[in-house]
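Chains as they are written, first to last, in the numbering used here: chain A, 68 to 462; chain B, 218 to 485.
Treat the hints with care, as some may be off.
Claimed, not checked - Here are some chain A residues the structure puts well away from chain B; computed CB gaps all over 10 Å:
no.	residue
1	Ile72
2	Asp75
3	Leu76
4	Pro88
5	Val168
6	Pro200
7	Ala203
8	Thr206
9	His221
10	Glu312
11	Lys318
12	Thr324
13	Ile423
To be verified - Mimicking DMTMM-like on lysine to aspartate or glutamate, the simulated pairs with C-alpha atoms at most 25 Å apart in a straight line are:
no.	chain 1	residue 1	chain 2	residue 2
14	B	Lys414	B	Asp296
15	B	Lys451	B	Asp296
16	B	Lys451	A	Glu341
17	A	Lys216	B	Asp354
18	B	Lys476	B	Glu446
19	A	Lys428	B	Asp219
20	B	Lys478	A	Asp102
21	B	Lys414	B	Glu297
22	B	Lys469	A	Asp436
Hint data in this document are derived by calculation from the structure and do not stem from the laboratory. Glycine included, C-beta positions come from ideal geometry on N, C-alpha and C.
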Amino acid sequence: MCLFIDPDLCTACEACVESCPFGAITLVDDLAQADETCNLCGACEDVCPVQAITIEKKTGAPAADGYEGVWIFAEHRQGKLAQVAFELLGEGRRLADQLGVALGAVLFGHDVKEEADQLFAYGADTVYLADDPALAGFTDDMYGVLLAKMINEHQPEIVLCGATSIGRSFIPKVATILGTGLTADCTGLGIRSSDRLLLQTRPAFGGNIMATIVCPAGRPQMATVRTRVFRRGPYQEGRKGELVEIDVARKNIVSRTRLLEVVTDLSEKVNLAEADVLVAGGRGLGEEKNFDLLRELADLLNAGVGASRGAVDAGWISYAHQVGQTGKTVSPKLYIACGISGAVQHQVGMQSSDVIVAINKDPNAPIFDVANYGLVGDLFDIVPLMIKRIKTARS
Amino acid sequence: MDILVCIKQVPDTKDIKLDPETNTLKREGVESIVNPFDMYAVETALMLKDEWGGTVRAVTMGPPQAEQALREVVSYGVDEVALFSDRAFAGADTWATAYTLAKGIRKLGDFDLIICGKQAVDGDTAQVGPGLAQQLDLPFITFVRRIVKIELDSRTMVVERLMDDGYDVVETSLPALLTVVKEINELRVPSLKGKMKAKKIDIPIYSAADLEVDPDSVGLTGSYTQVIEVFAPKPRGNRIILEGETEEQVEKLLNGLTKDKVLSVKID
Ligand SMILES: Cc1cc2nc3c(=O)[nH]c(=O)nc-3n(C[C@H](O)[C@H](O)[C@H](O)COP(=O)(O)OP(=O)(O)OC[C@H]3O[C@@H](n4cnc5c(N)ncnc54)[C@H](O)[C@@H]3O)c2cc1C
Ligand SMILES: Nc1ncnc2c1ncn2[C@@H]1O[C@H](COP(=O)(O)O)[C@@H](O)[C@H]1O
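Produce the entire structure from the sequences given, and follow the hints as far as they go.
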């Protein structure tokens with residue numbers, strides 16, 4: 068335990084007790100005492116009027132020596148750059164400018180060289196290109212070891228990657244190889260001007276609290292970043308930069324896993340993380356075929372289709388569509404919940420959407436607690452009417 | 218097959234709220250549960266044991282009360298459990314957690330397969346599984362939704378892993394580490410025999426000294442990341458119920474959405 072409360076200084080004023088976000092401090096025999104649930108977040112240290120509390124934190128050497136530059140991983144899958152690559156370029160550019168350093172983009176794949184131009188146009192100063200048949204498909208060993216080797220060689224101070232299935236899989240491996248910190252699924256980034264540290268803000272406890280995290284001693288500072296949180300930067304036609312080609316074969320990386328097949332769900336848009344608009348259905352739809360009604364609305368809005376666990380468990384739609392604690396976390400611009408009661412486990416997966424519309428016939432349904440627009444009524448009246456109105460307005 | 222499952226005791230997130238006035242977590246009535254995804258990891262291990270024989274062990278790193286979580290999985294049929302617990306482990310980030318788990322698992326022996334949940338619902342990081350695999354120098358596959366086949370002779374297995382736009386079919390050599398999603402199976406119910414065993418089972422506790430960890434690599438000291446602030450998310454503009462008949466509600470909605478610039482429908 069690294070939290071010390073000096074019994075000679077403690078005046079039992081309880082300031083720390085109130086400040087503790089985890090309720091971990093209590094008074095025992097007129098002395099403050101922290102229990103196991105203490106997260107050593109330091110809130111108490113700051114409020115203690117008599118400086119009785121100290122927390123021993125890893126300070127480490129200013130690891131910044133020699134580390135310079137911001138890198139983003141430009142995810143590429145099945146012949147296409149992921150949207151998040153452009154969002155990271157936008158945010159990465161902003162951070163790099165603030166630090167006065169270059170922005171590098173890392174591109175892995177096979178026959179992807181021409182994509183480098185796009186990365187330059189959206190703000191990269193340097194593109195590190197690893198173009199090799201061994202990178203045509205994603206495997207953690209190949210991607211993880213290669214990126215770790217490149218980081219060791221070039222020593223950027225910050226590395227950002229999308230919090231996608233790929234990023235959340237192989238980036239922890241990279242951070243572990245390098246021996247540095249990694250913050251998952253960030254929704255806010257900034258630079259602390261006093262010491263150039265990357266401030267990484269992310270939701271925890273299902274979005275019920277937000278935490279800001281730093282990595283003072285490890286380098287690079289690494290984070291995965293939630294999709295659709297940052298804006299892509301401006302497109303600058305013809306903008307050029309330096310292309311660094313990596314000789315992958317010479318790195319001698321062996322993968323212990325082998326990608327046998329990539330199966331894309333063509334039935335409908337399941338990439339919920341990238342959709343601007345989501346239309347989601349719950350048990351209120353009553354039966355499987357009624358999802359067609361939502362698909363019709365989704366098509367009109369170029370939206371993805373989400374679902375509550377109730378609907379998934381009923382077998383009406385596949386698990387890939389499930390939003391919530393045991394499904395996906397989404398934050399589209401617009402989330403339309405139809406016939407979903409809005410249990411907390413569902414809410415934690417969608418409450419960071421910009422605008423939430425709830426359609427439910429029960430005025431007391433908890434989904435209305437998080438809705439910007441609540442429509443109390445039968446979804447089988449409301450949704451068809453929405454479809455009709457949108458169609459007429461557009462014709 | 219000898220399988221090890223990593224489980225974590227977490228507060229039931231649905232109960233967690235931050236008091237916006239004091240910025241403190243309201244803890245009254247917050248129950249501890251086994252991280253939901255880890256239950257699917259346990260079930261996966263038990264199904265594999267049913268098919269292939271062998272043993273299923275579960276471990277957790279946590280405070281003394283985390284033994285409750287271990288007892289719970291014993292009631293489902295886990296054979297043996299171990300608790301890695303020491304004040305020095307407190308405040309661990311995912312790096313330090315993976316390090317400590319790896320040290321503990323090495324102490325327990327060799328396994329054909331290690332299974333973790335996709336992520337823990339308190340931190341939602343999904344980083345411990347891949348980090349642990351790297352610490353143990355094992356191949357890993359995340360977000361597994363189905364086990365396609367296992368070939369013990371050639372020591373390989375094939376699984377489907379969930380991706381953002383579908384799924385990948387991936388083969389790995391064994392031993393390996395998997396993280397699983399909910400889709401992989403349905404939970405069984407605890408048996409009476411299991412419940413009895415859960416009450417009685419002796420839970421070995423391993424301290425920092427037992428695991429021979431480097432003291433600078435565990436707990437807060439071993440954590441590269443530091444939380445410097447916690448705060449309540451900005452409140453949503455919530456509980457706005459549109460008035461009127463269905464037609465009127467829909468009209469107000471579409472006009473509102475157009476004004477919010479999330480939809481472009483001109484209605485007049
Ligand atoms: C550990 C755990 C994890 C979980 N994870 C998730 C998760 O990831 N995602 C998730 O969604 N849930 C999750 N749940 C389940 C969650 O608690 C709810 O049970 C689930 O979300 C309910 O789904 P539903 O809203 O579709 O169904 P219901 O609760 O049955 O709600 C249906 C709603 O439809 C309304 N309705 C019915 N007919 C109509 C109509 N014609 N017009 C308009 N409205 C109508 C009803 O008023 C009702 O509010 C989890 C639960 C647990 C315990
Ligand atoms: N303290 C812990 N003890 C045992 N297993 C853990 C612990 N923390 C995380 N895990 C495992 O790692 C998975 C991912 O956790 P996380 O990276 O915290 O989201 C969980 O589902 C568990 O299987």
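Taking the earlier hints as the rules, which of them does this structure contradict? 4, 8, 12, 13, 15, 18, 19, 20
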